[in-house]
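Residue-level listing of the chains:
There are 2 protein chains.
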Amino acid sequence: MSEYHEIWMNAALEEAGKAAGSGEIPVGAVTVFENEILVRSHNLVEHLRDASAHAEMLVLKKTAAVLDRWRLTGVTLVVTVEPCPMCAMAMVLFRIDRLIYGCSEPRTGACGSLLNLPGNPALNHRIEVVPGILAEKSGKYLKDFFELRRA
Amino acid sequence: MSEYHEIWMNAALEEAGKAAGSGEIPVGAVTVFENEILVRSHNLVEHLRDASAHAEMLVLKKTAAVLDRWRLTGVTLVVTVEPCPMCAMAMVLFRIDRLIYGCSEPRTGACGSLLNLPGNPALNHRIEVVPGILAEKSGKYLKDFFELRRA
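So the sequences go chain by chain: A and B. Position 64 of the first sequence, counting from 1, maps to 64 under the numbering used here, and the rest follow consecutively. Position 41 of the second sequence, counting from 1, maps to 41 under the numbering used here, and the rest follow consecutively.
Be careful, since some hints might not be right.
As the list claims (entries may be wrong) - Here are the simulated lysine to aspartate or glutamate pairs, EDC-like style, with alpha carbons at most 20 Å apart:
1. 140/B / 97/B
2. 62/A / 46/B
3. 62/B / 36/A
4. 62/B / 128/A
5. 143/A / 3/A
6. 18/B / 46/B
7. 62/A / 50/B
What the hints assert, rightly or not - Far from chain A by the CB rule (all over 12 Å, computed), these chain B residues:
8. 11
9. 20
10. 97
11. 148
No wet-lab data here; the hints were simulated from the structure. Ideal placement from N, C-alpha and C gives every residue a C-beta, glycine not left out.
Could you build all of it, start to finish, from the sequences and the hints given here?
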């Protein structure tokens, strides 16, 4: 099973690489339905001039369009970095089954770091969370990007 | 000044009424720039089949498109109900100046109820928050809507 996790995360990392290549913060995501990758995207904040155009939001919206429903039961979201509160709450609202992520985000992560929205008993949907898949690789993408920007 | 707040909130309430009229949870929002209403929208989750199509997300995205920038400095967002974590974090990401809202949302509100994201010192942007504007009116819209659905 974790072999699948790595295959899906590598697809998300490929998306993160595209983001980095076009000057976006390198975060990539894919959704999986019935064990197949359904939708792929990456951070497009600068390109779309939309601060909400995080990889997770884009794949959630596209997945809803593809499945023609906003309740994404049966869907797994795979993202290279721990989601922020906007994206984590969107996953709760879209009612996905499972979240798989790469490295943690200590500053704004909302799936165990700053907050834990998928595990918040006050919200009416639970999400299974699998952290730390290929975490070093996704963390390195981010580290390289910010070092380059500071240089 | 609070006279302006009520004028803007009445415009947001008008949007909430449109949502209710089309079977959506009655939440409306407007953005204000240089004391003028710039963009108006309301909850469109069912219509767009998009669980993230909350009134606040829609006006933030449209405002960024109108101003042709994703940093919404100088913008006030006026919404009939306390925003959820997705929308509250989006406001932080879009770097709006000020949030004015109507009634509180004890269950999922992220601006003082369940969480307080605009006032979270870990996030790198502060938003001035003005709660309770025409709160009874916006609360009544929601109450009537849910009572009707239960009937």
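Hints, verified against the model:
1. For a cut-off of 20 Å, the pair hint linking residue 140/B to residue 97/B is broken: about 28 Å separates their Cα positions.
2. Taken as a hint, the residue 62/A and residue 46/B pair is honoured in the structure, with Cα atoms around 15 Å apart against an allowance of 20 Å.
3. Between residue 62/B and residue 36/A the alpha-carbon distance is near 33 Å, which puts this suggested pair outside the 20 Å criterion.
4. Under the criterion of a C-alpha separation no larger than 20 Å, the hint pairing residue 62/B with residue 128/A is inconsistent with the structure, at around 33 Å.
5. Using a Cα cut-off of 20 Å, the hinted pair residue 143/A and residue 3/A is violated, with the two alpha carbons roughly 25 Å apart.
6. Between residue 18/B and residue 46/B the alpha-carbon distance is near 13 Å, which keeps this suggested pair within the 20 Å criterion.
7. Simply put, residue 62/A and residue 50/B have alpha-carbon atoms about 9 Å apart, close enough for the 20 Å limit, and the pair holds.
8. The non-interface label for residue 11/B is consistent with chain A: the shortest C-beta to C-beta separation is roughly 22 Å, beyond 12 Å.
9. Listed as a non-interface residue, residue 20/B keeps its Cβ farther than 12 Å from every Cβ of chain A; the least gap is roughly 19 Å.
10. Non-interface status of residue 97/B relative to chain A is upheld: no Cβ of that chain comes within 12 Å, the nearest being about 14 Å off.
11. With a least beta-carbon separation of about 20 Å from chain A, residue 148/B lies farther than 12 Å from that chain, consistent with its non-interface assignment.
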